[in-house]
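Q: Here is how the chains run, residue by residue.
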Amino acid sequence: MSDLLIIMKQELMVIVIIFFLLFVKLGKGMKNETLLPLIQILLLLQFIAGFFFNQTGQLFGDMFYTNGLIAFEKAILSFGVYLISLLSSDWLKQSKHMPEYFMLMLAALLGMDLLISSGNLLMFYLALELATIPIAAMANFDLEKKQSSEGAMKFILSAAFSSGILLFGISLIYGITGTISFAALSHQAVNSTLLILAFVFFFTAFGFKMSIVPFHLWTADVYQGSPIATTSFLSVISKGSVAFIFITILYKVFGQSETVWYWMLVVLSVATMLIGNLFALRQQNIKRFLAFSSIAQVGFILVAISGGYVVATSAVVYFILIYIFSNLAVFGVAEVITNATGRETINDYKGLYRTNPFLSWIMALAMFSLAGIPPTAGFFGKLMLLTAGSNSGNFWFILIAGLNMVISLYYYLIVVRAIFMDKNENPIAPIKISVMAKYGMILCAAGIILVGLIGKIYEYIQSLI
Amino acid sequence: MNQTIQIALIPLLPLAGFVLLSFFGKKYFGKNSGLIGTAFLLASFILSLFTAYKYFSASVDGHYSSAIALKYTWLVFSDKLSIDMGLYLDSISMMMIVVVTLVSLMVHIYSLGYMKGEERFSAYYANLGLFTFSMLGLVLSSNIFQIYFFWELVGVSSYLLIGFYYDKPSAVAASKKAFIVTRFADLGFLIGILILSYSAGSLDFNTMIHNLTSPESSELKTAVSTTFLSVSAVTWGGLLVFMGGAGKSAMFPLHIWLPDAMEGPTPVSALIHAATMVVAGVYLVARLFPIFSLTTPIVLEVVSWVGAVSAIIAAIIACTQTDIKRVLAYSTMSQIGFMMFALGVSKYGGEAGLGFTASMFHLFTHALFKALLFLGAGAVIHYVHSNEIKDMGGLRKSMPITHITFLIACLAIAGFPFLAGFFSKEEILLAAYHNSPAIYWIALFTSALTAFYMFRLYFSIFWNKEHTTHEKHHGEGPFVMMLPLIILAVGAIFAGYIPFGKYVSADGAPLASHFKISFSILPVALGLSGIAIAWIMYKKQNGLSDKVAASFNGFYKTAYNKFYIDEIYLFITKKIIFNLIGKPAAWFDKNIVDGIMNFTGNTTEWVSEKIKIVQSGKVQQYAIYFLVAAVVIAAAFIYILK
Chain X
457 MSDLLIIMKQ ELMVIVIIFF LLFVKLGKGM KNETLLPLIQ ILLLLQFIAG FFFNQTGQLF
517 GDMFYTNGLI AFEKAILSFG VYLISLLSSD WLKQSKHMPE YFMLMLAALL GMDLLISSGN
577 LLMFYLALEL ATIPIAAMAN FDLEKKQSSE GAMKFILSAA FSSGILLFGI SLIYGITGTI
637 SFAALSHQAV NSTLLILAFV FFFTAFGFKM SIVPFHLWTA DVYQGSPIAT TSFLSVISKG
697 SVAFIFITIL YKVFGQSETV WYWMLVVLSV ATMLIGNLFA LRQQNIKRFL AFSSIAQVGF
757 ILVAISGGYV VATSAVVYFI LIYIFSNLAV FGVAEVITNA TGRETINDYK GLYRTNPFLS
817 WIMALAMFSL AGIPPTAGFF GKLMLLTAGS NSGNFWFILI AGLNMVISLY YYLIVVRAIF
877 MDKNENPIAP IKISVMAKYG MILCAAGIIL VGLIGKIYEY IQSLI
Chain Z
7 MNQTIQIALI PLLPLAGFVL LSFFGKKYFG KNSGLIGTAF LLASFILSLF TAYKYFSASV
67 DGHYSSAIAL KYTWLVFSDK LSIDMGLYLD SISMMMIVVV TLVSLMVHIY SLGYMKGEER
127 FSAYYANLGL FTFSMLGLVL SSNIFQIYFF WELVGVSSYL LIGFYYDKPS AVAASKKAFI
187 VTRFADLGFL IGILILSYSA GSLDFNTMIH NLTSPESSEL KTAVSTTFLS VSAVTWGGLL
247 VFMGGAGKSA MFPLHIWLPD AMEGPTPVSA LIHAATMVVA GVYLVARLFP IFSLTTPIVL
307 EVVSWVGAVS AIIAAIIACT QTDIKRVLAY STMSQIGFMM FALGVSKYGG EAGLGFTASM
367 FHLFTHALFK ALLFLGAGAV IHYVHSNEIK DMGGLRKSMP ITHITFLIAC LAIAGFPFLA
427 GFFSKEEILL AAYHNSPAIY WIALFTSALT AFYMFRLYFS IFWNKEHTTH EKHHGEGPFV
487 MMLPLIILAV GAIFAGYIPF GKYVSADGAP LASHFKISFS ILPVALGLSG IAIAWIMYKK
547 QNGLSDKVAA SFNGFYKTAY NKFYIDEIYL FITKKIIFNL IGKPAAWFDK NIVDGIMNFT
607 GNTTEWVSEK IKIVQSGKVQ QYAIYFLVAA VVIAAAFIYI LK
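These protein sequence lines are chains X and Z, in that order.
For our numbering, count along the first sequence from 1 and bump the result up by 456.
For our numbering, count along the second sequence from 1 and bump the result up by 6.
One chain only, chain Z, in its complex shape (with noise of 0.2 Å):
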């Protein structure tokens, strides 16, 4: 098969599904629908890992070069300057297919079972298949016009999906907020890649990272030499296209849309919250990366320190949380805030380069285990039907297959020694140790943070009390949902063992693996501390089943161990992680970021509510308006040019 066809039919099959089921899945395969949407996904998965094999086997001296596959011309602006739709194909980019077709692949199998049943159930896998389409678009984009393009596509679709349940209000509402926020951020975007276009004289990635980086290009001289409000034209561009990216990735403080999108179906969060839209732009910093680090390392700075706030933020709320879904929104913030300080603190090519591979690395294995999470959740939910922790507990035993993939999981990020995010995390930690200690501490902290409500979230729905409401419950899904588990369980395992500094680096060049035992025992300790917290915490319940189980086993001694050690870490949790700094970032969040969203809506509404008035159907008073109108233009015109 020819190459450009096989990378061009990567993004189309999806399409195709979504031509084939929006016009005739209703009418003519209705269950049949989620199996046909699946095979055409299964088709790109295969297609793309092809691709991807192919890819990664012809290096040159282990470098990898870029290449456009495919370029069609869309609008030619001038000899230099012209809109183009393309196939980019680097090592980013063939990762990247990968981890969206493996994990749509995932929810497509899982939906079979999940959304069974549903009266749109065509409609739901075709808006899969546009989204999925949409993705692949993005990542495959050579033009930085392209990627806008399927960014909005991206917006738009997710939109689709996020308002899926639209019977339920809370489903709308969110979607609603989750396009609106996202789009004053791609407003931002939008600008910015006008001005970083129009710095560099073109919009193809190749061409502007080449005329915005090599110092001998008169397009940088003058990018860097034109200001505005002191501020570089070229650092303006970079930062209002991180706008955008941190908009999408909902960073620190556009991040308020994440939490209320978990009102869309389960499997749909897997797909668009773990590790497909919420990466985007991780993506974009590492797609214009040369940029960034070469001219502009102010934005790095930038991205260095809202990637490190919203990760320590979110992990600070994540411990306050109730709902599952929502634990794990603002663990997926708080994880690509790790992402993103790690390209932030990371060097163009050669040893520091690191923390690029950590962040793409990161970026990979994240992928796997919080779709795993996610999917998880969603087969709790399904058995539990609620989405609140205090309505689950002891579920280990009904549910076999999901509590040992979900423990895999929580393992997995929370960087327990030799699966996949131990590996990816490492390599993020020595990237900001060697070169922003500040933002070291702050991720070791998070680190920590992130194995104790992982596992306050592992206990509570699996140990806690031992449940006894849903023994005559049907079992815990059908096959179709146990088998994405498990495969992504294995990815959660075996993952990190990939050398992934050979494949990913920012300069092509391959990087050798910096795996040191050492460095490694700190935040190891750290983490499984955490986790020994939430046993002690969360393992059993502490309230009346306790007592009663501990008169059993001896009054005094458990009363001694609760009040030595569980006060103290009741103490030091509920009193001072949750109520000093917990409660007040989620106050912080829920009354000051989106109070500022809501004033601005509520301060339009009452500014028209006023100006009504002048609107009065009274045709006498419009031609009065009218005149004064154009006496009062023609008046300040006239003194202000004489």
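Just chain X, with the same shape it has in the complex (with noise of 0.2 Å):
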């Protein structure tokens, strides 16, 4: 029992979290204004917990297992939602749900979690589904937009469409090799052609989950339509949970026929890259220029995945916790503009830094981060990718991938060059910004120039693995 309570703490953290809102919900309710610091307190104590008391173990059979840097991926989730939580801060207390919408985004984070700690292939697909189908409704939170359900609709029919096939590629494996433990798993070779088949099924849940090309179509869409406090979580948050998974899966689970997966890894995180760009660079709503940024940014982590376990997780972790600081701040100053004005296209950020220069500098400091340039973390997470994946000597890959970050620089420049250089008749007014969300862009921008800057952190990673 107590093993239970230390084992899987993070995850009781967050029931205990969604039975407290529960109630409040049930009972006499509460002034948002009162209940989201109180949220916001709970989140931190549940981040703060992943650093403590933390064991190798494992629960339920071979369900459930952990470890130091399973916990550490957990942790750096909670961060995530703990900032979405300050950068949405106006939007949620407007909200006359607030509740059902943490209650939502945590029982997706529980999925999230179970599903980085899940031993077979029963637990990972019911924590995928878990940290899956929270999120339609978090699209639809927009009640009065049409777009807002229709983003969800089409959420929720990918997700169902991806949803079956993961699972007929699952009875698959369970047919072929009859186990569904991840440990039995490990010793199979996937070398049959129904195998193989299988295999490819089952990657079409990572394609679909991570926004990988040709498996990203329905990201634009529901990125656009959703609040932006969802399009942050998924974005950020969900596309990481699944990187961590996807490497434990790739490397532990079907380590054993890396001649399979590599040069798909290889063709797709290329394709990833190039569609990604490509798009992005045509892009004039902020939340879909993201979304295709964010497709972009994938194909940088299939990089370093296709380089080996031990530098593919540290790199990709590292990226994980550098993209979590740059894109949250970026979504919270879209958020905090949405808001405030309903403006979200590029051409009305023209101008911005004569308004909001607070904003404006903000904003750039993410930019820079996700193009990669130093000195912001943006650039050593890239770094780390590029030198994870130039593990397995391919160097044109790693050539391919340096020239797409080259063009990805250029559309983050030209949302720089909007905001600091372009004249606007009509710019946005200056805004009055929280202080919550104030705190949590200024929180952003100190992980964005620190993380990088603090060797330290990257090696606490390294000693994890």
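No wet-lab data here; the hints were simulated from the structure.
Be aware that a few hints might be false.
What follows is a set of in silico ranges between Cβ atoms, one per label pair, in the way DEER data are often shown [unchecked claim]:
{"hint": "1", "chain 1": "X", "residue 1": "613", "chain 2": "Z", "residue 2": "22", "range": "54 to 62 Å"}
{"hint": "2", "chain 1": "X", "residue 1": "898", "chain 2": "Z", "residue 2": "52", "range": "42 to 50 Å"}
{"hint": "3", "chain 1": "X", "residue 1": "468", "chain 2": "Z", "residue 2": "18", "range": "46 to 54 Å"}
{"hint": "4", "chain 1": "X", "residue 1": "643", "chain 2": "Z", "residue 2": "231", "range": "36 to 44 Å"}
{"hint": "5", "chain 1": "X", "residue 1": "633", "chain 2": "Z", "residue 2": "633", "range": "18 to 26 Å"}
All residues carry an ideal CB built from backbone N, CA and C; glycine is no exception.
Hints given; two lone chains; assemble the complex.
A: As structure tokens, this is what we get:
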């Protein structure tokens, strides 16, 4: 029992918060103004808990296992949720259904935590569903907007479709090998035709969740329709969690079949970077722009994943940590602006620097970090990804990735240019930023600057593997 | 004061200025921002002079050793491989900190007058501080990764400075171009760093150089035997690193950003495009010179030819430009070409290492007179409110100080005897003469062209027509703008007398001066004839005013002279040099080199236009694509693997 409490402490705490919110909602209710800080404190506690009493262990047979690295990955996700609760505080406070929104988000977080910890295919599938379905409801949370419902609908349909294929793949795997345990599967090489088919079907679920080309088509529409809090959750937390488990599955479960998936990764990574970049170039809506740019970022993550378990894990965990700070900062600024003015195209951002210097600097810093320009943390993140990828000695691949980084630089600069240099007759008026959002942005900015410069963070991640 | 702190303060003081001004500049300091920035830089300059003096006066038997004053380990990969931040002291880094702080200080002082009244005055000074900090961090790097870090920071801060006039669309476009073109080169640089550091098993300059040059090191053997496309890994590393250097230093064909970058404020051009950022590539090659020279002579060969081609192409184009800053931009490119090929023809150590010393020497003197030229050009632009040569002329009386200092700088760059540029250029030519005759002749021709286009500029600005329109104009500029001109002019005259070889050489051993009158006769004669041609062509206007003057002096005589001499010069220069060489060169530059860049951009746009149909917004279609993709991937793998 005490084992359970310690090993599952992060999940249990999430469950406690969900039930707490449920009781608040069922009871007399609380004003959003008082409830929100309370939730944030609970989230922070849950985040901090990830650094104490970590031990390696498994539960429920081999369903659930954890170790220091997994606890740290979960802590990163929790911190992301905490940041979203800060950055979206204005939008959340206005909402009549704030407790429900948090319940959904935390349920999805719970799913992701379980996903990272899953030890067999059944647990994996259940956790993946738990991590997906609440997001559809979250996407629909701008209740009065038709676009929001449309996005949610597209998401749930695509998710159901992907889930079907995944289940097909899992059934085939079980049918051929007679096991669903990761440990048992790891002795099984993917060698028969049927098993390759099963593996590819299994793989598409990752493709869907991480928006790998060609499984990315839903991304832009859903990102655009959803409230920004949901979009940022989808693009950062959801992707991060799937990337973590993806590495584990590839190397720990299908490690014997590296020849099968290595070239698949390379081809899809190149396609993902290219398509993400090409589409990002022409977007006007900031959310669509971020959707495609985050697709390109996933391509870079795949570069690192191809490099080998140890380097891939350290590089991807490090990158996701940085990516959370950078991308959430961008979403945070976009959220504040959309919330205050309803404007969300890049043209609207022209001349922003004249009226809102604080938002502009945060945005510029985050864009530089996403583009991977030193001395921001994003540069170190990208560097680690590329170094990890070059571990396999495929230098053409690294060169293509590098060229794509230069292309991506171009469109990130377009936004910076719009903000700082372009003129606008009718710029966005000065916006008053709430203390919480401001605090969240400053946290992000600090992360963008410090995570790169403090080498100890990367060494800590390496020590966990 | 502790030596480490003292050296660390050199880059940190400008950084402190940047932080102070960017956070409190506009609110609390306003017009005093400039003075505050200048004060920080003055302190930094004095410290670097002091540090350099101490370094150069502490030699052992005339040898200078290198030392790492401060080392902070940033990231440990393994026992051997770590990323450090440090301060590296050797003769070239000491020389560079003096050059950077000196020119930056001059620009700071000059801008007090030039940028006075600008809306974002304090932001301008903040950016200058950031740039100076990055540049100092770059030259003091002890680690190739650190150099990359500051390399990029220099890029970012120069982006801010070039784009300072963000109201001007051309300035914005230029800053973007500079940023993106150099980023392409930097990508090569980064990959080069990864290859070199992987081969050497270290990122540290000292260890890297040792591991890749000493014949018994096992890393060297592996690096030479590992090949890709039948070129060894270490050569690839060297080539790619040089690509980074070529991008920053505007070497052909990565030079296209430099002329456009002239859209920035003129003092910024003096800082970035004369003395600091653009010579970073030269500095990088010098920094890794032992590897290039001892292990990968092929790379050095490439360096010398890229340098020589850049030098001559830029000089030819400079003859055809009418924008004063563009002439100076191409001239900078040409002079950096000199420095590059000087490094390229050099050997490691001893007499044959003259090229290395000469290159560094030229970097030093060039910084002085080119900064002076830019600042002088700034004063002229400030005065006539135009960049075009045709709007200038006859300014020598209204701008006496600018006129004299500009003349000194022109003479110095043309290699007029006993001025700074003469000594350094002679050394370069001598080095080329001994090692690569073909490059020597190119260099000789280029230096004659240099004299011609510089004096074309000089005569067009200060002589040519007698100006009347500006008589009621304000003076030539406040004292703060004239002071840097005078200081730099003194430098441009006397810097050549420094026994440079004693202090700076490839292997640290002193190198005697190689000055020989007999060798100098040909280059000087060519330089003087270049000046003479410019004098005949541009001292007076060849238009209506000339004819009026001619009618008084005797029409026939003038016509006679013009017919036989002027016309020949005109034919040679205008017809042959301009039309046959200059114009095609400019055309090639504009259409082919630029065109390839634009083509890349347009193709990208076109492709993304075509594939957007897939992104239709229909969820049923998405599902079909999804399924098709899954099946295709599965089929492909089954086909490949079975």
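Q: Now tell me, hint by hint, if it's right for this structure.
A: Hints, verified against the model:
1. 613(X) - 22(Z): 54 to 62 Å: This hint holds: roughly 57 Å between Cβ atoms.
2. 898(X) - 52(Z): 42 to 50 Å: violated (37 Å)
3. 468(X) - 18(Z): 46 to 54 Å: holds (49 Å)
4. 643(X) - 231(Z): 36 to 44 Å: This hint holds: roughly 39 Å between Cβ atoms.
5. 633(X) - 633(Z): 18 to 26 Å: Between residue 633(X) and residue 633(Z), where Cβ atoms are some 24 Å apart, the hint holds.
Checked against the numbered hints above, the structure breaks only hint 2 and satisfies the rest.
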